[in-house]
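Could you put together the complete structure from these sequences and hints?
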Amino acid sequence: MVLADSRLEMRVRPAAVADPVMDVAMLGHCPGSARWDLLLESPQTVREIAALGFGREMRQLQQWRENGAPELPTPTEQTLLDLYQLPIPLLSLAHFQVLFPQADQQTTAYRSQLAGNSAWLPAAVADFFQSVQPGALADGTKKLWVLRIPEQWGQQGFLPDPYADYGDPQRLPAFDRAMLIANLGALALPDLERLQIPANLIDVRRMRLVNPDPVFLPCAASTADDHRERRRSEEIPRPSAVWPLQTVLTPILQTLKKRRPDLQCLLTLPLEQAGEGSLPTMAREAGQAIQLAGDSENSGLHAVQFLFPYLSNRERPLCSPAGLIAGAMLETSQRLGPWRSMAGRNLPGMWQLYPPLHSQQVVELRDRPGVGVLVAHKNRLQLDDERRAAAVVGTNGFSRQSGQAEGYRSGEVARFLGWLHRQLLRLGESWLFNTDVRDPLGKVQLTQFFTGLHRAGALRGALPEQAFSIAASHDNESTVIYQIELAPVFAIDRIVLNFSHDLGSNSSQWQLDIKNG
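Last residue of the sequence shown: 518 (our numbering), numbering continuous.
Some hints here could point you the wrong way.
As the list claims (entries may be wrong) - Derived DEER-like restraints, expressed as beta-carbon distance ranges:
{"id": "1", "residue 1": "41", "residue 2": "445", "range": "39 to 49 Å"}
{"id": "2", "residue 1": "453", "residue 2": "359", "range": "39 to 49 Å"}
{"id": "3", "residue 1": "462", "residue 2": "78", "range": "38 to 48 Å"}
{"id": "4", "residue 1": "114", "residue 2": "380", "range": "26 to 36 Å"}
It is worth saying that the hints were derived from the structure and are not from the lab.
Predicted, not measured: the structure shown is a model, and the values here were computed from it.
Ideal Cβ placement from N, Cα and C applies to all residues, glycine included.
The structure is reproduced here in structure tokens:
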């Protein structure tokens, strides 16, 4: 941010961050230059990036700041100077604007008639840091990780490699690099959604006007009416191939299932034109791809929160709702707990839905294929339901539910179980080399943890003894197993957690069973 004609320059540094319930990551495009030198001014930011396995990159940037950047950088050096694929933690919108000052001003290579040629990541970052109740959260509570993707990589730049070697972070794609963030709870891909909008997809066609009869006009007269019946060939955007949703979804589901079953990915469904003169609607191919993935019990489809429709206002012809939803999701989880839903709560900003949906369409999308639908209620935007296309149980290592699983297609259930997964793994890692299998300290710490959950309202029961039970056992000199039964506040009768901690292999594992009665 430059003030007083460049005589005063404001450099924003992130404030000390509180311990958030979860972090959010976004992958997207940032047109223009990157201020890599300002990234190094925050020691906290440098430490967090280096802790993910990118200490070599941080030391290289430090060396360039002291000795000067290379005049003719190699492609690898230029990638680092542009901060491509580097996970960057942000605690405010101003920090993003300092690092990428031209991101919301310069145009992108891909242009569509509906969305234009502006990147969606800067807008999603701004939406994420908005708050319905300003001042409700302390500064630094919301943490957003941004990974910049080169535009020339297209859709492929956003997709993970299900067979990637996580032992070498420098070779990982951006999506897989985000998986390294321990406290990550949600992931958004706003510019992937922008690339999935067909270039020639248009709104309702305007009335065709008859060409006027030619007349003689002065040379200085302007004849541009911006609405000719026919356009020259160079004026028509060249159609770009839009990837089928199944092609996009398959590697994402494989990676989440294999690497991070505790995460949830936000993805807005693509559009298509149903017929001449009609508004674009949700692509039929998208519904078929979701149904195909849902037919497989182990697809991990519950990890994806599908959203629809898109948003629009005076400044943005079309944009993704993922940033707004992710920010509200984190804010609700931080204030009320990760077991509480953000559906039905007012979202910040003044928006119009595109395309508009009537009540019957909302019900159909919510029930099948299972979409989180945004609705306008009393001139305020809300999420109708955190609906998932698949039940949380029965996939990703969760045991199969014998009863009806319809009640488990809930975003807050998936978020609570994911948060519980991360908390238990963090607790298990703290026991490495410090706990004997016969030491009662582990059970005491687990009891304190779940007592705190009961006190916060996450578990049912008048007393903690009615809300959970913990039984410890060990089968050898290095492995301890805790069987934990919970009675959560949402509509699941009982959760059984089998938490196994192996001192010999320095690993912690968990298995989750959901039972009735």
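Non-conforming hints, listed in increasing numerical order: 3
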